[in-house]
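Colleague: Keeping the supplied structure of chain A fixed, place chains B and C upon it in accordance with the hints.
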Amino acid sequence: MITITINEKKITLEKPVTILEAARSAGIHIPTLCHEDILEPYGGCRLCLVEVEKVPRLLSACTQYITEGMVVRTETERVIEARRAILEFLLINHPLDCSFCDKAGECDLQDLAMKYGPATGRFAEGKRKHPESYDDPLIVRNMERCVLCSKCVRMCEDVQGASALCITNRGSKSYVEPFSGGRYNCEYCGNCLTVCPVGAIMSGLHRHDYRSWLIEREVETVCSYCGVGCSLLLQIRGNSLIRTVPKIGRGLNRGLLCSKGRFGYDYISNSERLDTPLIRRNGELQPAAWSEAITHIARRLKEIKENHGSDAIAGIVSGRCTNEDAYVFQKFFRGAIGTNNIDSVASLAYGPAQRFFERIFGQGVTANDIHGISNSDGIFVIGGDPTGINPVLGLQVRSACKKGAPVVVMGYAEGLKRFSKHAFITNSTTETVLLASLVSEIKKKKSLPGERPVFEEIISGLQPVPLKDASEMSGFGLNDLVDTVDTLSNMINPSIIVGRDIVQTSTGHMSLLFLAALAYLLNGRIYLLSELPNEQGLLDMGCQPDMLPSGRPLTIETFRTRCEETLGIAIPSTPGLNYVEMIEAAHAGRIKALYVMGEDTVQGLPDRNYVSDALRNVEFLVVQDMFLTETAQYADVVLPSLSWAEKEGSYTNLERRVQLTKKAVEGEGIEEWKIISEMSKILGLDMGYRSVTDIFTEIVRISHIYREITYNDITSGRCMWPYKGGPLRHDVHIEGIELPDIVSVMKNADESGVQVRREAHLFHSQNASRYSPALQSISPEPYVKMSETLAGRLSLRDGEHVKVVTEAGSITLSVHRDPCLPENVVLIPPFEKGGIFEITKWKVNPVTKAPALDGNRVIIET
Amino acid sequence: MTFKHLVKTVFLTEIVKGMALTLKTMLTRPVTRQYPKEKRPAMPGFRGLHGLVRDQQTGEARCVGCGLCAAICPSKCIYIYTADSLDHKKIVERYEIEALRCVFCGLCVEACPYSAVILTEHYEYSDYSREAFYMTKEKLLANWDNYMGWEKNMEYFKKFWHPTADDFGFPKNQAVFRGKQNAR
Amino acid sequence: MERVLLRNTESPHSADIHEYIKGGGYISLHKAFEMKPFDVIDEVRRSGLRGRGGAGFPTGMKWSFAVADPQTPKYLICNADEGEPGTFKDRGILEKNPHLLIEGMVISAYAIEAAWGYIYLRGEYPRAKDVLLSAIKQAYEKNYLGDNILGKGVGFHLHVHCGAGAYICGEETALIESLEGKRGQPRIKPPFPVNEGFSLKPTIINNVETLANIPCIIEIGGDAYSKIGSPECPGPKLYSVSGHVKRPGVYELPMGVTLREIIYTHCGGILGDKKLKAVIPGGISTPVLTPDKIDCPMDFRNLPRVGSLLGSGAVIAFDETVDMVNVCLRITKFFEHESCGKCTPCREGVGWMRAIIERICGGAGRNGDLDHLMEVSSNILGKTFCPLGDSAATVVQSYLGNFRHEFEEKIKNR
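Protein chains in written order, with the working numbering: chain A, 2 to 863; chain B, 233 to 416; chain C, 806 to 1219.
If we strip away everything but chain A, and leave its shape as in the complex, we get (with noise of 0.2 Å):
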């Protein structure tokens, strides 16, 4: 315990902390322009300067600590009188330019020169002069305003670890700018525009558009764009959103985003979104009222399932849906027509990558709260890029490898190179056989725990992979691989980081397995990457062919008929077809109508001409979106949906936590739910909701997860499963998984050639970034990447372009070279013209039903 005064106020603080701290805690404010709670104190602006007595000097009250019995002073005249001479220097160089600086009224240099003076200014030479920089599309940078903090060098450096910032030249010459040069090359999270105290680096996208005075209202929401739900304020004026800010230290987030949370928004007022719905006459889709939208869907449907039967008919639900819109959806599939041809997104590799661990290891096994990777001793990255997934998670990775933890990663990742121990960039069967060699090793030097006798039968049955067999098979080297075994080993509570691309493969199944088997053995935290804003929330909303809502199979009677009583609906007890079956089923013509909800299938899918010639098969598609996606082009009827801001709803993040989703402009449109439950209505089923909040409800009455929750608990940000009480299903069923025979999969895989690969970019997620010019505008062009040796033997540049060719088709590209790639995989992100879905064949995983992308030979014809 240690007591302080601070102001002849009596303090007591337990730990030893900074004056700064310990006086903000008893609520005196002492200003500052360098400190920042989430970076090291670093103590260059001197406005903290106190006085403490019995020292001669006055003390930086940010670096300072406390001692017993310290007497600090903090508003003395001699402390006002060093405040306003620190300000008078500031100021020197700072252009007066407050009248239309974007930074005025919530600049903290403005706020302390109003409070501190000095009103007039006595310096008479001339002023240090540096042209504003706008190089980059969406960073401005006005160096004159620059109060050298260095708060956005750190950030860049200490938290997102992209160390793309740094001070140039020296003492007052000295400017921030990117090693770069004048346009960034980085991750564009824009962290650094959170913490600048002046308008030195400022957001390009609402530049001179408002003034932070005329700012109406500001509405706390959840970022529409990956499964990490972090938190955004959104600021409107009228009717439009000005711009996105963070909160520091609020949210799950704690204030740090992302470049799609925060460049990503303008995608709502993009031009080209849809107003009206359109029905398709005479070949042609052209516009039409609601009310003849929703009839026309409604009578199309009944006749349909008059004369095909219901399970004619399917449903597809986005990501980007809310809790509440999926709820509604399936109820109508389920209730209304009478199919369980429902499912979502998910499906595609989130879904199966859950349900097969939670088969193992119970449900809610892959619910962990994300800062928990900062406090692991070790991190196992797998399948998928965190940094460019999910990129919040990402840098609690980067967060975690600073504080000593060591990151073993399979797969491209490229956020992680500078920090990643090991690193081995497979292509899709070495992963299966890596993976398989490393539980095989990992087996003799971890004895297992005995928790789980039946799992456990399954581990040991695994056949042996020697590390040398898999070494010879992948290429990589023993030592490095026997190095890696040594690392996992010595992890104590390690995270294991899992994304979709390996789910996405032919061997898919058996890698989940052994992911599974070295969850076990290294007792690891499961952690699954989400693309999307609610796959975990259409996973519990059951939006699954053969679940109900809250993870319950249908085809135990006992959940169905009780899910029965309470909604008063009959629900059929035969599974439906998954996302991927029921393309197949368009493809051969047995699915008539399917109901898309604001997903591009085309777009999301491998080989496009399959998905695209199955939709042309389907006799009546009804799109539901923002835009007129390519998926849409096919539709009969195309209903326009609302933004992520423009309407109320929950979302479930992938650590399962819900929150809520607020409106915060008016959109031109009908809610998702209000449109099914119209035409549910005309059906004959009428669900009588009158707003998210009685959706909500019903979604608490049904679905035993969501339990007793009420909106005002989701408000508070803490609501993360399990809910209220203990996790449902602890049963366990690992009958019936298959050992899988990797020694024959050795022996079949065939090396030769080169694979593509998907990677998961971070500026082009397959969702909505792609109608943000924002987003757009800082990686515009389509690339493949590809080793130095391949480029080098094709004697390829950067930038050059290659026709690149698979027996599903061919693209031209440009080319980037990477040195951490090995001969035989080239990358190609998912772009919308030009992305890896063009050139890849139509092949599913057998067991796990996600589409696989492996096995595309690609040839570079330059």
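These are calculated hints, taken from the structure and not from any lab test. Treat the hints with care, since some could be wrong.
Simulated pairs of lysine to aspartate or glutamate, EDC-like, Cα-Cα distance not exceeding 20 Å [said to hold, decoys possible]:
hint, chain 1, residue 1, chain 2, residue 2
1, C, Lys1006, A, Glu22
2, A, Lys844, A, Asp614
3, C, Lys994, A, Glu217
4, A, Lys446, A, Asp487
5, A, Lys128, C, Glu1001
6, A, Lys403, C, Glu1001
7, B, Lys308, A, Glu217
Modeller: Just chains B and C now, with coordinates in the frame of chain A:
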């Protein structure tokens, strides 16, 4: 009835007095004016119809869109919409005053660091529609041209408002107010 | 007095290890290795040796702090970033007597149990670098450096790191940052380098001259050493004298000689026998002295009494023809150029002072400029992160205080 009263009544003194006043007034200059034939001149600092100052050099509005007038306006009747121009300067796309909601307090004029918004001496404005009083940027600039102009303005400002903009004396070489001269 | 630090440096091959050994070199190392590390530190403590870098912190005490820290490994860094105008004392050791430094470093490393040492050399000393590198190579060959020095099982490796021309990197924490590959800016103290220095491990940073004194202390013993020079700060001291003296150069004299003795006895007086106008006693970061104060003994105790500091012992003499305003301008320019930019008062304030003085020099001074200058300098004073800004402010104040009339004249006669 007193004697005094009687004398007054008999000699009609009240009427005589009244007539004397009438005669006197007939010979002096009248206090009233024959409005609208005869206009009353505005005193310096009169708060009449709003105007936006047109810059002498550029011919454009002097306003940079800092928004201080809108911030201080007690009846919140000033709307400013700014944007970024192609050459990265701040441009004022819309500057609008709802004149019918204005209370003519003149705080906007005081707040303006550029002396860009003023209240002209013009007070004769009436119309049959409300739209006529929704002052757009063009109308406000026209008000300046029609009712104020530079010469009048100097007197108007210096005498009455003591503009803060005048105190902004900057030494050369300072990185200030660069955007102003070049703004479109 | 017998020369200690510059012993045998007349020989053209004084940097060669054979020459050095012939002159009695590396004897102290043998002697030190017979002692226990703690006894070495005790000997240094008893010698009363104070750091020669400018701050004058007792070396033995500094070492015992590092030894008391349980963390390992420990590092020994030699601060050879001699960047202050007027200072060139370390250069003499580095170029002429590098083995003395190496011997001192090995003994120090033995005392504090450091296995790695770095010499942070000023980037503008390319000759010293060559000499040092070949001396280190020779020392490795003779087994004075390496994993098993003299077969005693003591390991010490020495590296030379060249700075990139930043004065601030002579500040110990900025030096560490620079050595770690970061931007050369001072760190927050505490923790001090003795506890969290290089790679956040206990680190001893000593000046070249300090380390060069160690062999002598071991050789003659701490008690005998403490009898050299003035009793409070004993030992030999290198004075680098420049400016208007007849024989400028590096002089090894006992601590506590007077300025008068240095200028008039050893350097032969003022050039052209002109009148002395001012003396900077310890490098340009120390306040200037007027001729009436040159009888002050040059040591850490006495100079502060007359309003200056010993600093690095770089004496710069100015004769009567010198324009002190110009001197002040030149010095302020130096500080502006060398300010690292971390803290506001130093970054902005020193530039402002420079601008005012420059204006006065350029004949555009105004009345009130001097008060203004005084105010700006006192606004810097005591508010900066590291001593660089403070020295700039005190220096300007000392010129203003001692030569105000010259400034006033400039303003009057513009």
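Colleague: Under the criterion that the straight-line Cα-Cα distance not exceed 20 Å, is the pair lysine 446 of chain A, aspartate 487 of chain A satisfied?
Modeller: Roughly 9 Å separates the two Cα atoms, so the pair holds.
Colleague: Between the alpha carbons of lysine 844 of chain A and aspartate 614 of chain A, is the straight-line distance 20 Å or under?
Modeller: Measuring from Cα to Cα gives roughly 15 Å; hence the hint holds.
Colleague: When you check the alpha-carbon spacing of lysine 403 of chain A and glutamate 1001 of chain C, does it fall within 20 Å?
Modeller: 18 Å, holds
Colleague: Given the hinted pair lysine 308 of chain B and glutamate 217 of chain A, is their Cα-Cα distance within 20 Å?
Modeller: 12 Å, holds
Colleague: Mind checking the alpha carbons of lysine 1006 of chain C and glutamate 22 of chain A for me, to see if they're no more than 20 Å apart?
Modeller: 27 Å, violated
Colleague: Taking 20 Å as the top limit, are the C-alpha atoms of lysine 994 of chain C and glutamate 217 of chain A close enough?
Modeller: 45 Å, violated
Colleague: Checking one constraint from the list: CA of lysine 128 of chain A to CA of glutamate 1001 of chain C, max 20 Å. Satisfied?
Modeller: 39 Å, violated
Violation of the numbered hints given earlier is confined to hints 1, 3 and 5; the remaining hints are satisfied by the structure.
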